[in-house]
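Colleague: Starting from the given sequences, assemble the full structure and let the hints guide the process.
In case you want the letters, here they are:
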Amino acid sequence: MIWEPIILRNKNIPEIADIDVYERNGGFTALKKALKEMTPEQVTDAVKASGLKGRGGAGFPTGLKWSFLPKGVFPRYLAVNADESEPGTFKDREIMEKNPHQFIEGVILSAYAIQCAHAFIYIRGEYPGAANILEQAIAAAKQRGYLGAQILGSAYDLEITVHRGAGAYICGEETAMLESLEGKLGMPRVKPPFPAVVGLYGKPTVINNVETLTNVPPIIDKGADWYKTIGTEKSSGPKVFCVSGHVNRPGNYEAPLGSITLRDLIFGAEYAQGVRGEKNVKGILTAGASAPMLTAQHLDTKLDYEAVAAAGSILGSASIIVLDEDTDIPWATQKMSRFFMHESCGKCTPCREGTYWMFVLMERINTGKGTARDMEMLPIVANQILGRTLCPLGEFATSPVLGTLKWFKHEYEAKVSADGNRETEK
Amino acid sequence: MPKVTIDGKIIDVPAGTLIVEAAKPVGSHIPVFCYHPKMAPAGMCRMCLVQVGMPKMDPATKQPVVDENGQPVINWMPKLQTGCTTVVSEGMVVHTTTPQVAEARRSILEFLLTSHPLDCPVCDKGGECPLQDHTLHYGPGNTRFYVESKFHNDKAVPLSPLIMLDRERCIQCGRCVRFQDEIAGEPSLGLADRGRGLEVTTFDDPPFNSNFSGNTIDICPVGALTSRDFRFTARVFELNDYPSVCQQCAVGCNVYLGTRDNLIRRVTPRQNEAVNEVWLCDKGRLEHHYAHSPERVTTPMIRAESDLTPVSWYEALNFVANRIRPTLGESGKSMAGLAGDRLANEDLYLFQKLFREILGSNNLDHRFGWSQWNAGDALVKNFGAGVGTNLGELGKGVTALLLGADPQTEQPVLRLRLSKITRQGATLVVANGRATKLAQYASHKTIYRYGAEAYFVLGLVRAMIDAGLHKSDKANGATEYSAALNLTVAECAAKAEVSADTLKTIGETFAASENGIILFGREFMYAMQRDPAVEAALNALLILSGHFGRKNNGVIALYPRSNSMGALDMGMTPTDGGMPASEMLTKAKLLYVMGADPARENPAFKNPGFMIVQDLFMTATAQKADVVFPASAWAERDGTFTNTERRVQYFARALEPLGQARPDWAIIQELAQQLGAKWTYASAGDVMNEIAQRIPTYAKMTHARLQVNARRRASVQTVGGDAAEPVQMALGELIGVVSGAQWATFSETNADAKFDVKFVQPADSAQATAGVYLAVTRALLDCGALAQYSEIIQTRVPDASVEINSHDAEAWEIANGARVRITFESKPPRALELPARVDGSVPPGVVAVANNLDGTMNLPMGAQVQVTQVQVSQAIAD
Ligand SMILES: Cc1cc2nc3c(=O)[nH]c(=O)nc-3n(C[C@H](O)[C@H](O)[C@H](O)COP(=O)(O)O)c2cc1C
Ligand code: SF4
Ligand code: SF4
Ligand code: SF4
Ligand code: FES
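Residue numbers (this note's numbering), protein chains in the order written: chain Y, 1 to 426; chain F, 1001 to 1878.
Because the hints were derived from the structure by calculation, they are not lab data.
Please note: incorrect hints may appear among the correct ones.
Derived lysine-lysine pairs resembling DSS-like cross-links, with alpha carbons at most 27 angstroms apart [to be verified]:
#, chain 1, residue 1, chain 2, residue 2
1, Y, LYS184, F, LYS1437
2, Y, LYS203, F, LYS1420
3, Y, LYS191, F, LYS1437
4, Y, LYS369, Y, LYS222
5, Y, LYS406, F, LYS1079
6, F, LYS1396, Y, LYS203
7, F, LYS1827, Y, LYS191
8, Y, LYS71, F, LYS1437
9, F, LYS1003, Y, LYS191
10, F, LYS1150, Y, LYS191
11, F, LYS1024, Y, LYS184
12, Y, LYS203, F, LYS1056
13, Y, LYS191, F, LYS1445
14, F, LYS1445, Y, LYS203
15, Y, LYS369, F, LYS1150
16, Y, LYS71, F, LYS1396
Distance windows between CB atoms, simulated [unchecked claim]:
#, chain 1, residue 1, chain 2, residue 2, range
17, Y, THR29, F, GLN1424, 47 to 57 angstroms
18, Y, ASN132, F, CYS1783, 51 to 61 angstroms
19, F, GLY1190, Y, PHE194, 43 to 53 angstroms
20, Y, ALA139, F, CYS1783, 52 to 62 angstroms
21, Y, LYS335, F, GLU1791, 48 to 58 angstroms
22, Y, LYS142, F, LYS1056, 45 to 55 angstroms
23, Y, ALA309, F, LYS1056, 16 to 26 angstroms
24, F, THR1422, Y, LYS142, 36 to 46 angstroms
Yeah, the Cβ is synthetic: ideal placement off N, Cα and C, and Gly gets one too.
Modeller: This is the structure in structure tokens:
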């Protein structure tokens, strides 16, 4: 069965980035319905009932998050996370560039639900095209009365500001994003207080991912009951899977959660169409660099939050990176270690120092200088980081190392020597 | 109050307490680096990880589930928690000594050390370094970071003339940045870059220009920030840290004088939660250099022929005694004594005793120059803030009214303490004739018209009475007063040029507040001197609001000098018809000047016939003297000062006296003995014992009592032992240390006393009517009598300028930075040429000049001035 996308509707309707086309295809009916027939609480309740979980990585129930805002405290803010910096993640980009109006409609609906008058979209600086498209979409929406003062004749006002980031992975972490939005150094805050209570400019704030909010118009339009029929009992709704690496057809593919396996996604004709050069799969990253690597033996894992967790990894933002049988795993791991070392904000000791140390060990191993002692130290250092950092980035940084050591220890062993003087192959 | 169990010990702590704080009283040590009890937790270093569990609750009964032994079942959190960010809650169980916790501490230290240079042998912090201490207690014995790529970075980055940054040693705890931000309110430091490259940097120009920068050196948990004043001059374990009191302003911050080889090498804060907490301003930290100046007078001198010539003490004392003895008993009236209010109580007490009891003269004063503006003595005596008042602790239920003061430059550490009280729930009202730093923290702030202070206060009184919030039970004549107060709030507001609503809000808030404190500064004291209605109005505000006679109620006079309060208490004022300073200079025949330099500020000053000068330096006055007595610097003897909150504080002797210099009190005693007095004080402590007997407010104020908690500092860390005090202080581990004692005011000791309220009509002539008002301000770091001996202070002294409101500047066609001439309507006429600073801290019609900078000395405060642009001829010359 081929799934008809409800998020990447551009796959079926290529011109949907045109607001007229979007309107002709049911665009903004959800907004009209919400403003005319629903109270903000009803919108929140509908999203709660739909079972929608955050698509930014943590998978937190969206409606529940909205209901955490303290009553009667204003202003409150909606900050949309469009920082999309996880390696191998490019779903939000396609949504924003190709189906921007549905996303913007989702932002307006969500802002209405939490009674916010000013929403911010924090978009990674490397997406200038998407940022321009969003600004045009916002202008168009404003022109048609979907945004600005007294939206569609209601008493509800909303402005949306697009803010371009300056190239830091950590600014995708929600509290670092708030700091950055406030013009400060992008560093995570201590939680609690949670942003729902003390967020942007000290005010109650909801942070949601682009894809998460793009789910909201169909939920409001067609109802939570309809939405719940998609996906599994615990993981409802569709999900966009970003597939990259050694596949024949990398790209974004939408499917209901739990409806397909990793094998379907990598080999299916309607998906990535197999590994390049007919090779075998060796490693699979399911959440970019941040999750422990899976292997060919996990190919039959269903793609939903629970099943991937049961296989020993996390679905996260569903950025599936496929590595073929010829991949030098320690080498690939070093790339990821470098990424985390480079992206560590430096606020907390274990991540700041530990990511550096892990990288140095990886580099020694990959350049033939490694010894058995280095291999011993790798998991030690990783475990000294685990559970002790201020934000999850430090923990993510241990995943590539610990994950690959679990399945591919022999590849490391082949690179080290007693005296640290092995000829490098490359 | 939540009940928590920490390492098996059960303790009740207030809701909101952090685990690190809750652990202190039970004696569990939780090591920290980034956490500091005076700042918001940051959770950066992860050194404070502990194991935390909560009792398992039965969802049905909402009661804790118990095991077979009746003990609550604990759900342990899967990860260790940072003790510095986790707030305790009912039933919480914390373990700080488990293997997991020990392992976490070891890991964090191992991580920190991977990028630490370990140059302890050449590091100023070595010996009092939290990183060393924690490593000894909790760290790994050696490193597993055997790889060659150790972190290297800049070793000596001059952050400012005072502070050197070693980037390699920095452990990125952010304390320095947060101090500047949260405590100093001068966010001049920041963190830049990320990951291992994260580094401290300054955005200021001139760099790191803050009055409080030195505190970052103390709280830096490693040797990353070092004092360029102290760097490499001693190892900290070679220092003797003597307890002392800063002598630079009326706050009276508690300090340690760190000496080695009879030189002060550094001044660091000594904790006193009732005075300076753990802070100092940069002036107090740096100004000690004068004590070692080669320009110090070290021998007595007498004028032989026309020159001052060194002589022995015996000769000098004899010389004076012979000159005085013939006139003794006959007419002391022609002898006068002028003493500086930086001197100790013991000196001032004996000085006035010499005059009153031996010489028979009441011609005594300490009010000249900077101190001439002291006023409000009666208010302090009657209604001084009640014993136990701690300005830094004010919170809910207290309204503090700050009038005509600028603590940022005149009582700096007090400014830090007042800055935080609104966060603690207190209401802070800031009113002055111009904008000041503290106003940015105020709940209510307002700018009144200089000269209309009486109307401003009367407006508050009227508003209080109108709202029926006044209390008459301790007032004589309350009814008559309110009838006599023939001004409406609106009329007062119009005169003071503030809104009537502001007066109403402030007046009612102050009156309705459970507790109320009024702090008045130099600018207000000046107004009091010009118009008696100001003091009368304040008197009425206090009495009718009932805010006096108990803790957190009453007035605080923000006097100019470290012992201005003590000078009043010791009786250094011309009572019973004695001459004030202004008359001494013309009417006295014999003048004894102690620790004062009237000639510096008044070029017309002459030796009235015979003059004795007792000082540290050959001051302008000393140069005109007949006899010069060399006095010891405060660090060379012990004594007491009384600070602006009436707290009497002991300072110890830290140095051997220089040359033949002697303590002031000892010199006075010798002279008295020469004149036949039978004085036998063996020490300053003896003098203090007499003060305690003879001055009722100082009863029981003996040195022994004041020395409690003012001890020499316990030496630096011992290997494997308990952390030494410097480390504990740097880490904020000392709790609640307080020393010194406040004297009780009349209204406290006489609970049934009633006080007169009398309406005094403001003198309209006193209000500035036309022309421009000159507001005199102060720069903290100046080229004053003592500051000139610190090179670092001198690099940071600002250039003099005149602040002009931007509207006035536009009207007068004066551009920012342009040279302007200000002409005073004074006698004799004076003019100054200064660059204009058009920055909006003064309202239209007011210009402000700091009177302690190059060329701006001794300005006539409140004068009417004319401001004109000066033609710049330079352009033509170029
Ligand atoms: C290091 C780090 C990077 C992250 N980057 C992103 C990101 O680029 N985009 C995103 O939506 N969420 C990111 N997140 C997750 C956010 O913190 C947050 O959970 C999410 O934006 C919430 O939205 P959602 O509930 O709609 O998923 C990141 C989290 C961490 C710890
Ligand atoms: S874990 Fe890393 S990214 Fe997160 S706060 Fe700590 S140093 Fe910054
Ligand atoms: S300089 Fe010192 S106080 Fe500042 S961040 Fe570095 S270690 Fe901390
Ligand atoms: S505030 Fe006053 S007493 Fe305190 S250090 Fe500064 S000058 Fe000295
Ligand atoms: S994280 Fe708690 S002291 Fe630094």
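Colleague: Compare the structure with each hint and give your call.
Modeller: Structure-based check of all given hints:
1. Y/LYS184 / F/LYS1437: holds (23 angstroms)
2. Y/LYS203 / F/LYS1420: Roughly 21 angstroms separates the two Cα atoms, so the pair holds.
3. Y/LYS191 / F/LYS1437: It is violated: about 32 angstroms lies between the C-alpha atoms, which goes past 27 angstroms.
4. Y/LYS369 / Y/LYS222: violated (60 angstroms)
5. Y/LYS406 / F/LYS1079: holds (22 angstroms)
6. F/LYS1396 / Y/LYS203: Holds, at about 23 angstroms.
7. F/LYS1827 / Y/LYS191: Judged against 27 angstroms, a Cα distance of about 65 angstroms means the pair is violated.
8. Y/LYS71 / F/LYS1437: violated (36 angstroms)
9. F/LYS1003 / Y/LYS191: holds (23 angstroms)
10. F/LYS1150 / Y/LYS191: Not satisfied, since the Cα-Cα distance of roughly 33 angstroms exceeds 27 angstroms.
11. F/LYS1024 / Y/LYS184: violated (34 angstroms)
12. Y/LYS203 / F/LYS1056: With Cα atoms ~33 angstroms apart, Y/LYS203 and F/LYS1056 exceed 27 angstroms; violated.
13. Y/LYS191 / F/LYS1445: Violated, at roughly 34 angstroms.
14. F/LYS1445 / Y/LYS203: With a Cα-Cα distance of about 25 angstroms, the restraint between F/LYS1445 and Y/LYS203 holds, given a limit of 27 angstroms.
15. Y/LYS369 / F/LYS1150: holds (16 angstroms)
16. Y/LYS71 / F/LYS1396: The hint holds at about 25 angstroms.
17. Y/THR29 / F/GLN1424: 47 to 57 angstroms: holds (53 angstroms)
18. Y/ASN132 / F/CYS1783: 51 to 61 angstroms: Given range 51 to 61 angstroms: holds, Cβ gap about 58 angstroms.
19. F/GLY1190 / Y/PHE194: 43 to 53 angstroms: Violated - the Cβ-Cβ distance for F/GLY1190 and Y/PHE194, about 26 angstroms, lies outside 43 to 53 angstroms.
20. Y/ALA139 / F/CYS1783: 52 to 62 angstroms: Roughly 60 angstroms apart at Cβ, these two residues keep to the hinted range, so it holds.
21. Y/LYS335 / F/GLU1791: 48 to 58 angstroms: holds (53 angstroms)
22. Y/LYS142 / F/LYS1056: 45 to 55 angstroms: holds (53 angstroms)
23. Y/ALA309 / F/LYS1056: 16 to 26 angstroms: holds (25 angstroms)
24. F/THR1422 / Y/LYS142: 36 to 46 angstroms: holds (40 angstroms)
In the structure shown, a violation is registered for the earlier hints numbered 3, 4, 7, 8, 10, 11, 12, 13 and 19, in ascending order.
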